[in-house]
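Colleague: Here is how the chains run, residue by residue.
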Amino acid sequence: MTKLTMVSLGAALAVAVSGCASAPAPKYVMMPGPTARPFSAAVIANGIIYLSGQIGLDSTGKLPPGGIGPETKQALENIKAVLALQGASMSDVIHCTVMLADISEWGAMNTVYMTYFPTNPPSRSAFGTQGLALGARTEIECQAVVPAKK
Amino acid sequence: MTKLTMVSLGAALAVAVSGCASAPAPKYVMMPGPTARPFSAAVIANGIIYLSGQIGLDSTGKLPPGGIGPETKQALENIKAVLALQGASMSDVIHCTVMLADISEWGAMNTVYMTYFPTNPPSRSAFGTQGLALGARTEIECQAVVPAKK
Amino acid sequence: MTKLTMVSLGAALAVAVSGCASAPAPKYVMMPGPTARPFSAAVIANGIIYLSGQIGLDSTGKLPPGGIGPETKQALENIKAVLALQGASMSDVIHCTVMLADISEWGAMNTVYMTYFPTNPPSRSAFGTQGLALGARTEIECQAVVPAKK
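Protein chains in written order, with my numbering: chain G, 159 to 308; chain F, 159 to 308; chain C, 159 to 308.
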């Protein structure tokens with residue numbers, strides 16, 4: 159083994175090790191659309207996509223009529239859209255927090271929620287709140303893994 | 159150094175590096191027992207065990223009588239059981255979120271909670287909710303590290 | 159290549175690989191000051207700093223007068239101080255959860271909050287609670303990345 163080879167191998171090993179110790183800088187993903195918000199849509203760090211809580215705002219910036227069912231659906235569609243921007247999907251979601259305007263709507267939320275996670279549902283917590291931004295009935299926050307490159 | 163050796167080393171280094179960049183697929187752990195729930199008991203991803211929030215349901219599927227004290231104890235026992243399935247224990251817990259039906263029960267929850275973390279307590283947040291699933295007095299969510307293999 | 163060299167390289171690769179698979183033990187950071195609390199100020203695991211939720215207690219251990227504005231400011235100053243102990247700053251924060259005593263104070267909280275994250279704001283969720291510890295108007299929980307060594 160030549161000295162040069164030893165050095166190259168040493169460098170390669172150093173990269174391998176430091177690749178573990180020090181992750182790349184976080185990536186901040188802004189919400190598409192004209193409105194400035196005090197949060198990013200998602201931040202990616204250490205292989206995890208940390209999404210902001212999503213309420214059911216539709217493309218016109220309004221909550222859909224009909225309450226908890228339609229709002230749960232729209233919030234999950236918004237999450238799906240943010241994930242898609244990162245090449246990820248609902249099957250990459252590992253954990254969710256479901257905030258409800260009223261815990262009595264837990265069942266109605268679940269009926270819609272479960273259709274988005276037919277297999278391998280994320281771990282989850284859920285609770286009733288004193289109120290949510292813009293009078294929403296639910297806000298849903300998820301974490302997902304960055305999917306392996308194909 | 160033969161060409162073959164170089165190739166083998168290259169492959170080994172590639173494994174080392176990609177082992178960092180792309181974590182293994184998440185592992186979904188279902189709750190033991192007959193009831194289907196809209197969440198996994200825990201999901202393991204990137205070296206972290208993300209548990210679902212646990213309320214104090216006992217082995218009969220009921221909340222114990224006596225309110226916040228017994229419910230806190232049972233919720234933490236449930237967390238302990240989910241961790242044990244992964245070869246982990248309460249000393250691997252790094253963060254908890256404590257949801258309370260009434261913030262005035264914060265002290266009573268703490269009295270029980272602290273006995274489960276005698277040293278190195280996890281970081282934590284706690285708040286009062288408008289209500290929890292099944293009328294529980296508390297729901298506790300934890301994250302833990304996957305313990306190092308012995 | 160000698161047998162010895164092969165063994166050394168094998169060992170180096172094993173370190174590189176296990177450095178990925180098995181992260182160093184979590185680091186528990188206690189809150190400075192005399193009061194024992196049932197939680198650490200922060201726990202560092204897998205490259206992430208998991209902070210406890212902070213309310214706006216000042217150096218005298220009291221909430222500042224003036225409600226949501228001053229309390230938001232003090233809570234964020236407390237977060238900044240815990241991060242600084244780890245060589246991190248507000249620009250390393252990736253995600254926050256904002257708990258409010260009253261969701262109607264969301265706007266007033268935001269006015270102060272945004273000044274702490276002028277660029278690359280963390281992803282975030284926010285909700286109204288039934289109450290917070292010590293009668294606080296807000297509790298803010300953050301996760302941050304361990305900054306790369308300079």
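Derived from the structure by calculation, the hints contain no laboratory data.
Don't take every hint at face value.
Identical copies go unnamed one by one, so any copy, or any two together, can satisfy a pair.
Simulated crosslink set (DSBU-like; lysine-lysine; CA at most 35 angstroms straight-line) [stated by the list, open to error]:
{"hint": "1", "residue 1": "185", "residue 2": "231"}
{"hint": "2", "residue 1": "185", "residue 2": "307"}
{"hint": "3", "residue 1": "231", "residue 2": "220"}
{"hint": "4", "residue 1": "238", "residue 2": "185"}
{"hint": "5", "residue 1": "231", "residue 2": "307"}
As the structure is a prediction and not an experimental result, all values here were calculated from the model.
Colleague: Against each hint, give a clear statement of whether it holds in the structure.
Modeller: Results for each hint:
1. 185 with 231: both (27 angstroms within a copy, 26 angstroms between copies)
2. 185 with 307: both (17 angstroms within a copy, 18 angstroms between copies)
3. 231 with 220: Close inside one copy (14 angstroms) and across copies (31 angstroms); limit 35 angstroms.
4. 238 with 185: both (18 angstroms within a copy, 21 angstroms between copies)
5. 231 with 307: within (28 angstroms within a copy, 41 angstroms between copies)
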